[in-house]
Amino acid sequence: MKPTKRTHVASESYFFTTDRLLERLKNLISQGSFKFASGKLATPRELAAFLYKIDFLIARKDSATGISRRYFEQSRYLSSAFADFGYAWEIHPAYRWALQPDNVERLFDDIQPTVDDNV
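So the sequence shown is residues 0 to 118, counted in numbering that gives the first Met the number 0.
Worth flagging that the hints you see were computed from the coordinates, not collected in a lab.
Even glycine gets a Cβ: it sits at the ideal position worked out from N, Cα and C.
Take the hints with a grain of salt, since some may be wrong.
Straight-line alpha carbon distances no greater than 30 Å define the calculated DSS-like cross-link-like pairs of lysine-lysine that follow [said to hold, decoys possible]:
1. Lys52 x Lys25
2. Lys25 x Lys39
3. Lys34 x Lys52
Derived Cβ-Cβ restraints for the label pairs, each shown as a range [as the list claims (entries may be wrong)]:
4. Phe84 x Phe35: 37 to 45 Å
5. Leu98 x Ser29: 17 to 25 Å
6. Gly65 x Ser37: 24 to 32 Å
7. Ile53 x Gly85: 17 to 25 Å
8. Ala93 x Ser67: 12 to 20 Å
9. Ala82 x Ser37: 30 to 38 Å
10. Ala63 x Lys25: 14 to 22 Å
11. Thr16 x Phe49: 17 to 25 Å
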């Protein structure tokens with residue numbers, strides 16, 4: 000999930016539409032298989048769902064009033080399958096430094112606060 004050299008300079012390198020996220024995960028899976036503890040090979044959708052469940056990914060929706068974020072614990076009962084419900088995805092800021100440790104200051108500049116929508 001580390002930004003590619005092409006997207007390294009773009010602040011959007013940690014933000015994904017569902018289609019772009021699934022394509023990125025498909026490319027990662029093509030480099031080596033991902034297996035769950037059960038031994039089952041992960042599909043891009045299953046891997047995305049797993050990353051959301053462990054809060055590596057956050058559901059994100061931009062609006063005129065700001066950014067709304069949803070964590071798995073907040074919406075775990077909406078669906079058992081991976082669905083975006085109109086949200087895009089972003090890598091949780093806590094993990095970004097591990098993916099790109101050479102520019103921590105820029106990571107802080109790229110983080111935008113969440114709108115307090117009491118949900």
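To see whether the hints hold, each was checked on the structure:
1. Lys52 x Lys25: Holds, at about 18 Å.
2. Lys25 x Lys39: Holds - the C-alpha atoms of Lys39 and Lys25 are around 16 Å apart, at most 30 Å.
3. Lys34 x Lys52: holds, 16 Å
4. Phe84 x Phe35: 37 to 45 Å: violated, 24 Å
5. Leu98 x Ser29: 17 to 25 Å: holds, 19 Å
6. Gly65 x Ser37: 24 to 32 Å: The hinted range 24 to 32 Å is violated for Gly65 and Ser37, with Cβ atoms some 40 Å apart.
7. Ile53 x Gly85: 17 to 25 Å: Because 22 Å falls inside the window, the suggested range holds.
8. Ala93 x Ser67: 12 to 20 Å: Holds, since Ala93 and Ser67 (Cβ atoms, about 19 Å apart) stay within the stated range.
9. Ala82 x Ser37: 30 to 38 Å: violated, 22 Å
10. Ala63 x Lys25: 14 to 22 Å: Check failed, 33 Å falls outside 14 to 22 Å.
11. Thr16 x Phe49: 17 to 25 Å: holds, 19 Å
Hints 4, 6, 9 and 10, counting from the list given before, are not met by this structure.
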